[in-house]
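Read top to bottom, the protein sequences are chains A and B.
Quick note: the first sequence uses our numbering, first residue 1, plus one each step.
Quick note: the second sequence uses our numbering, first residue 1, plus one each step.
Mixed in with the good hints there might be a few duds.
Pairs involving identical chains hold if they fit within one copy or between any two copies, as the list cannot separate such chains.
Unchecked claim - For lysine-lysine, the following DSS-like pairs were computed, each having C-alpha atoms within a straight-line distance of at most 30 Å:
hint, residue 1, residue 2
1, Lys6, Lys167
2, Lys336, Lys391
3, Lys145, Lys6
4, Lys83, Lys267
5, Lys167, Lys267
6, Lys83, Lys65
7, Lys267, Lys6
8, Lys167, Lys145
9, Lys145, Lys336
Hints listed in this document are in silico derivations from the structure and should not be mistaken for laboratory results.
On a predicted model such as this, the values are computed, not experimentally measured, just so you know.
2 protein chains.
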Amino acid sequence: MSVISKRALAAASSFSTLENFYFHSRYGERREDPQICDFTFGNPHEFPLQGLVDAIQARAVPHNKDWFAYKTNELEPRAFLAKAVSDELGLAFQPEDIALTTGAFAAIAVAFRLVLDAGDEAIFSLPPWFCYEAMLTAADAVPVKVNLAGERFDLDLAGIDAAITPKTRLVIVNTPHNPTGRIYEREQLSALAETLERASARIGRRIYLLSDEPYRRIRFDGRGFTSPAAIYPWTLISYSYGKVLLAPGQRLGYLAVSPLMPASDRKIFQDNLFATQMAVGWCFPNALMQYAIPDLENLSIDIDALTRKRDMLSHALLGAGYDVLPPEGTFYLFCKCPDDDEMAFWNGLADRDVFVLPGHVMEVPGYFRISLTASQEMVERAIPAFTAMAKAGA
Amino acid sequence: MSVISKRALAAASSFSTLENFYFHSRYGERREDPQICDFTFGNPHEFPLQGLVDAIQARAVPHNKDWFAYKTNELEPRAFLAKAVSDELGLAFQPEDIALTTGAFAAIAVAFRLVLDAGDEAIFSLPPWFCYEAMLTAADAVPVKVNLAGERFDLDLAGIDAAITPKTRLVIVNTPHNPTGRIYEREQLSALAETLERASARIGRRIYLLSDEPYRRIRFDGRGFTSPAAIYPWTLISYSYGKVLLAPGQRLGYLAVSPLMPASDRKIFQDNLFATQMAVGWCFPNALMQYAIPDLENLSIDIDALTRKRDMLSHALLGAGYDVLPPEGTFYLFCKCPDDDEMAFWNGLADRDVFVLPGHVMEVPGYFRISLTASQEMVERAIPAFTAMAKAGA
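Bound-form chain A, shown alone (with noise of 0.2 Å):
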């Protein structure tokens, strides 16, 4: 008889790498460290954006009694971002189709609980986000695992066929995609798309898609993006605006309907989610926050300035002969690991104060992924430790 259920057990066991690589590696040791070139995670490496600070002093300002009671999914929010959705992707949201969040993470856990019953299958590509697993398994769902394919880590159409079985019930898709930076187009989501509905049809229940876009505002060299939901009608799009605000401590996002499921089921869901989102733990933003997503709908970290980052990594990473994926949205440069002991290379540039996010804690050892977050001056610092160890490893 264990002290914790089995639940919380399994889920901090799929959690162990990435939790032992936070605190426990040698860049827990370093990570709060000046000195350190820190391209782990997408945290910020500047100072916050003044509207965000501009945002929350004005909205702390009280209007009325009622300013920090319960909120939940409020009308003005909801009205507000339901035509900024629809405006930027092209589809008709309904107030009624948003669930605001405390970021992303609460809108997955939402769907999850809104689509899977214990023992329900899960489908998600690897290299996946950290927490897909962590949280399916928490929520006594199953996870099953794709791998993307080939060298620009497309969506592996067949793979995913091949995993469904009787009891899948959600496949997700992140796009932009963490760790490739890739961006999937509307070809590839087509052919998702019925892939999908002729599984549906073959196992006799409906598979739902899950588009997780956190990134989906942050895109190179004037790239476009084509959500699931505009092609795929049983889709749900799980939204933060702690990256494009790199503001991740914030915790704002929404979950969002597809506007073309159809109308019966798109009703049951609206009906649905604020029981849903009471249940997981009241997962509504906070009061201040839900004012705010005016003032912080149109604010964007400088993505001229990541491009530049970029580039300079880029240009300075090929030149050392390190194979690395052109990122096409999200702030993440995707690169192989100069041979094959990943753990070597790693601290090798841990040796240089150079923290990258290695392979095996995404679940695809001999690649490592950069966040362009960095600072400028840490991209330049790190320059001479990259080429270093190419060298080391060639």
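Using the hints provided, position chain B relative to the given structure of chain A.
What follows is chain B alone, placed relative to chain A:
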């Protein structure tokens, strides 16, 4: 085959009575109307505490580049709270015992996830907080309900003991108790601890206690407070700042592990808080609210003003012939309807612009709850309506 998960539907179903009351009743139609005397929920009816506004504005100013970076159980607020809660409850909390959460909802969700597996039973008392059942159901756990005992709504120890089965894993105690206003004293809690100790031995697994204490600071007549965590070592505490600050929209609270828990068990809880909080949906308070904890810890609504409202209303209700349970804590008055027709009484009050929480919403038909967070002006305006309805019912 249902469109959404069976557990989401079940949670929504067990929450539907409250949801219907809130959104679709005569109260739902009029809850924004300034003409009504609103005694339904524990929401503010006066402007927020200036100290809260000041704290938010001050803490919005970034001190460093990490100001709005990812925050988990941050060292400073954890250490601050370990000291503060130790002083308050007379227990020796370590920082590692404290899980910072977005209010008590999230603390409860984390507690459920930590100790309950699918099919495990959790016992709570009626009348209950509205959301235990839906949250348990959504977590695939089994809610088991035991009525509070007698005219004073004491814990029914024999009833709890009889409800314990080999699948029982958790007993929830809410003290001070919503809606009755009771504070369970040391002797009752000691007897409960003995019951749980014996029952744990009998069934061969440890039964945990969740002490849900969001009203802990709101007490009348100089009464003390004993946390069950000081009596039964296998206790988790859920706490929220939402009540004492009357700012439930700002989502700040914590889950705390009793320092009396045997060291090896306590360590397992400490070590698994982080992953469980992540898996529930990253339910850490946002950065801003974490910084504000030291500012907020000693802020409170005006308990003297609350006491005056309690006294004025109690006096008027008793004078009119109502059966009122004198509240020891919380900001509620719990009363019997004048006759068996609860909804006729409720509608009579509503006809007079007075809205209370009807008993059937709390699984205790024939009673009603008055929230003393209503303004003094509402209290005065409502008294003739209560008096009229007492006569109507008599």
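Could you figure out if lysine 336 and lysine 391 sit no more than 30 Å apart (CA to CA) within one copy, between two copies, both or neither? within (14 Å within a copy, 82 Å between copies)
For lysine 167 and lysine 145, with the copy left unspecified, which applies at a CA distance of at most 30 Å: within, between, both, or neither? within (14 Å within a copy, 33 Å between copies)
Given a CA cutoff of 30 Å, do lysine 83 and lysine 65 count as a within-copy pair, a between-copy pair, both, or neither? within (28 Å within a copy, 33 Å between copies)
30 Å Cα cut-off: does lysine 267 pair with lysine 6 within a copy, between copies, both or neither? between (35 Å within a copy, 16 Å between copies)
Using 30 Å as the alpha carbon limit, work out where lysine 145 and lysine 6 are close: within a copy, between copies, both or neither. both (21 Å within a copy, 24 Å between copies)
Should lysine 167 paired with lysine 267 be assigned to within, between, both, or neither, using CA atoms and 30 Å as the limit? Answer is within: at 24 Å inside a copy they meet the 30 Å cutoff, but 37 Å across does not.
Should lysine 6 paired with lysine 167 be assigned to within, between, both, or neither, using CA atoms and 30 Å as the limit? Result: close both inside a copy and across copies, 21 Å intra and 14 Å inter.
Lysine 83 and lysine 267: within-copy, between-copy, both or neither at 30 Å Cα: For lysine 83 and lysine 267, the Cα distance is within 30 Å only inside one copy (19 Å; across copies 49 Å).
Intra- versus inter-copy proximity for lysine 336 and lysine 145 (alpha-carbon distance at most 30 Å): within (21 Å within a copy, 57 Å between copies)
Of the numbered hints given earlier, the model fails none.
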